[in-house]
Amino acid sequence: MKIRICYGKTETGSYLSHLDLARTMERSLRRAKAPLAFSEGFNPHPKLSFASALAVGTTGCREYLDVDLASRLNVKAFSQALEKALPPALAFVAAEEIRENSKSLSAIINLAVYRVRVAVKPEDEDKVIPGVEKVLAASELWRKPKEKPGKKTIPAKEVRGLIRQIAVIQGPEAAAKTYELEMVLGLSTDGQLRPQELWEMIAAAGDFEAAPPLAVCRRALLIEQGGKRFAPMEGVRD
Amino acid sequence: MKDCIERVKPYLQQVVKPQRYLGGELNEIKKDWDSVQCRFLFGFPDVYDVGMSHLGLQILYEAVNRRPGLLMERTFSPWLDMEAIMISQGIPLYALESGRPAGDFDCIGFTLQHEMSYTNVLQMLKLAGIPYWAKDRSDRDPLIIAGGPCVANVEPLAPFLDAVVVGEGEELLPELLEVIGRHKAERRGAVDKPRLLEELAALEGIYIPTLKGPVIKKARLKDLDEAIFSLTPLVPYIEVVHDRMMVEVLRGCTRGCRFCQAGMIYRPVRERSKETLLAQARALRDNTGHNEIALTSLSSSDHTCIKEIVEGLTAEFNKEMISISLPSLRANHFSVSLAEEIQKVRRTGFTFAPEAGSQRMRDVINKGVTEEALLATVTKAVSAGWQQIKLYFMIGLPGETMEDVEAIAGLCEKVVYAGTKVMKEQGRKGSLRVTCAVSNFVPKAQTPFQWVGQASQEELKARQRRLKELIKDRRITYNYHDAFTSMLEAIFARGGRELAPVLAAAVEKGCHFDSWTEELRRDSWRQAFEELGMDMEALATRNFDLNSPLPWDHLNYGVSKGFLMYEYNRAQGEMISGDCRYQGCNGCGVCSFTVGDAEENSARGRRKIGENILYGEAVDQ
Ligand code: SF4
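Protein sequence lines correspond, in order, to chains A and B. Residues 16 to 253, numbered by my numbering, are exactly what the first sequence covers, in order. Residues 116 to 736, numbered by my numbering, are exactly what the second sequence covers, in order.
Hints listed in this document are in silico derivations from the structure and should not be mistaken for laboratory results. Hints are not guaranteed to be accurate.
[As the list claims (entries may be wrong)] 20 Å max Cα-Cα, derived DMTMM-like pairs, lysine to aspartate or glutamate: (1) Lys434/B with Asp35/A; (2) Lys48/A with Glu435/B; (3) Lys124/B with Asp35/A; (4) Lys495/B with Asp35/A.
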């Protein structure tokens with residue numbers, strides 16, 4: 016049996032690396048008495064497959080994970096057990112059975128919705144919305160190459176196609192100098208655009224300085240198909 | 116702002132492993148600050164990932180927090196990246212549970228696991244804004260206390276400490292905190308420190324460095340089955356050094372290795388029953404979700420029912436893919452069968468500690484293992500499928516010659532040949548891999564070798580080089596310890612209060628995290644000693660006269676000085692002494708410590724207690 020779990024990553028959880036998350040999830044599943052299926056070999060490990068990893072420091076409202084089980088379980092009872100078993104870093108949202116041959120989460124999820132809280136200097140207040148408009152109006156946008164000492168340089172990339180929507184949720188009148196930007200970004204196997212990078216592009220377009228975001232939350236992971244968007248799980252609505 | 120966790124949050128993206136600074140783990144206990152009489156902060160003088168692997172922390176967390184009038188929170192040394200941020204932002208050392216500054220607590224207790232963490236204790240006080248020296252602290256500062264194995268000679272730190280827990284702390288620490296709580300309650304929250312210290316001194320096992328008094332007897336548990344144990348330990352999010360559940364199968368060891376401090380200070384042997392252990396293991400599994408359980412102790416395979424315990428655990432845990440690990444196996448056939456039993460889920464390497472290369476040297480240190488036994492064990496382990504063996508050795512042991520050192524290389528080769536031969540016979544490809552890990556002997560207080568100086572730096576390095584020359588076989592990986600670190604350990608392990616100013620000076624020069632080799636500031640240490648007119652090498656290598664007083668004579672761990680002397684004499688005569696569990700009492704003295712223990716602890720002894728005592732009365736009792 017295979018189950019899909021939807022969970023949240025709290026602020027404490029946002030500092031977990033992907034490995035920490037996998038370990039924490041395995042322990043939680045064990046505490047919830049999930050009959051985990053294990054890989055063969057010298058160092059057997061449970062078969063957990065996560066949807067695209069979150070950057071460190073980013074919280075998540077609806078993150079997903081598929082788990083292979085060795086025997087059947089009652090999803091309702093299991094959900095209650097897992098809700099109790101998750102540590103403060105993680106929050107339970109929903110769980111449901113999925114078909115054995117379901118496609119992997121990374122193969123189907125192609126959109127991510129982020130909420131980004133940013134602050135700007137008082138003199139730049141009027142530059143945010145024009146910056147957003149310029150980014151949306153551009154026909155192509157290039158991300159700078161990424162250089163890391165000791166690692167291979169990631170070449171520059173055209174990313175305009177990944178930017179689906181940017182909405183300014185709160186303007187300067189709601190909270191002075193603080194904006195909340197909702198970004199809908201495409202996820203593809205050959206690349207992602209991080210919300211922070213997009214924020215830097217908006218600042219460059221609007222000609223102001225981009226302070227690091229105050230908080231970043233991934234609110235949803237979605238599947239877009241035939242012009243419609245839906246969550247990877249029936250029980251979850253966005 | 117009180118909550119320091121909120122204050123560090125903006126900087127978490129700039130540090131490695133930010134989770135170290137946040138708390139919020141599974142099974143964390145947050146008690147209401149105002150509902151208790153005494154608030155205790157447990158300080159581990161190393162980073163979170165090291166400290167959270169420490170079983171003692173989990174036991175004390177439970178022992179203190181289960182009392183309604185007490186609370187315990189945790190703090191660790193912030194790693195250098197976070198430390199720099201805290202200093203520049205003026206954020207003090209804080210507790211992970213409440214985010215409160217360390218200075219808010221009534222009492223801060225440090226665990227002293229090894230000498231190289233002493234500078235971290237001072238650095239933590241510095242980060243907390245609390246004066247190092249006990250005499251400089253006011254009645255409003257937290258009481259600074261310490262416990263742990265290094266208390267066996269705590270004198271180098273004594274001037275910094277208000278009180279010291281000698282021996283086993285799980286019962287004594289809560290008692291001590293209750294006394295502080297009552298003292299404060301009687302004075303509307305104020306402290307009269309001289310009075311408080313006198314009240315604390317009345318507890319058995321509490322040493323007050325400023326009070327001249329009688330010998331302090333260590334605190335010790337009578338019954339391990341009755342002992343407090345945490346069934347809901349904290350479960351870290353990040354990977355820590357030992358990421359597993361731990362059950363303590365027994366405490367104490369009477370094998371009698373003459374270099375081993377733990378083997379002397381944790382006597383007598385007390386076992387936890389199979390029933391208790393299995394019940395604890397099940398509860399830990401349910402409450403932590405760990406996929407590994409370690410059966411810890413100084414020598415777990417010595418438990419009288421270890422086979423039944425292991426069988427009981429494997430029967431239940433193997434199907435849940437929970438692996439079982441048994442650190443500290445002895446080199447015998449029984450160990451291999453045990454290892455086969457427990458390593459069905461995940462197989463790791465096999466580790467043995469012959470400690471010395473030649474039989475003569477093993478007799479000197481009373482390590483009761485022969486070359487034949489070791490080779491037979493290796494043969495059995497390899498035929499059971501293992502292809503990696505790790506061997507621990509020491510160099511610089513008392514009376515060691517270059518020949519004894521060379522024998523280490525010889526023994527490793529024999530192990531490789533024996534193992535590889537088995538693999539060939541079985542038609543397996545490749546050859547046995549051996550890791551030869553060599554540390555430097557450090558003489559420790561409260562052991563038979565407490566009078567002996569360490570080998571000089573030159574000698575240690577010459578012996579390390581000799582081994583490097585000799586170990587040419589590519590199947591053997593040779594690694595060795597830093598000689599300078601071992602010298603510092605030796606200095607502090609047997610030093611007196613005169614070393615306290617050196618510690619303070621070293622910390623002022625930036626020394627801390629000395630056990631992290633890349634952080635060890637050798638020049639600063641050399642300067643600190645030089646400026647105070649002390650010769651490091653002379654301190655480390657000095658021999659103590661058998662008749663002169665030692666800095667730790669006032670701490671009584673139950674094992675008499677007479678016994679230690681007797682064992683030292685036997686070492687010089689290359690004579691081995693048996694394990695009192697199997698060969699009768701050696702008269703170390705610990706069993707007459709509390710009346711009634713004797714028969715019990717020598718349960719398997721064929722001789723009567725004290726029958727083969729060949730020396731005079733214990734001098735320190
Ligand atoms: S007093 Fe005797 S029986 Fe007890 S621990 Fe010491 S040597 Fe063993």
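Inset, instruction - Measure nothing beyond the straight line between the CA atoms of Lys495/B and Asp35/A; if it is 20 Å or shorter, mark the hint as holding. - result: 38 Å, violated
Legend entry - Hint consistency between Lys48/A and Glu435/B [alpha-carbon to alpha-carbon, up to 20 Å]: 10 Å, holds
Legend entry - Restraint status (C-alpha distance of Lys124/B to Asp35/A at most 20 Å): 19 Å, holds
Inset, instruction - For the pair supplied as a hint, Lys434/B and Asp35/A, confirm whether the alpha-carbon distance does not exceed 20 Å. - result: 24 Å, violated
In summary, the structure is inconsistent with hints 1, 4 from the numbered list given earlier, while agreeing with the others.
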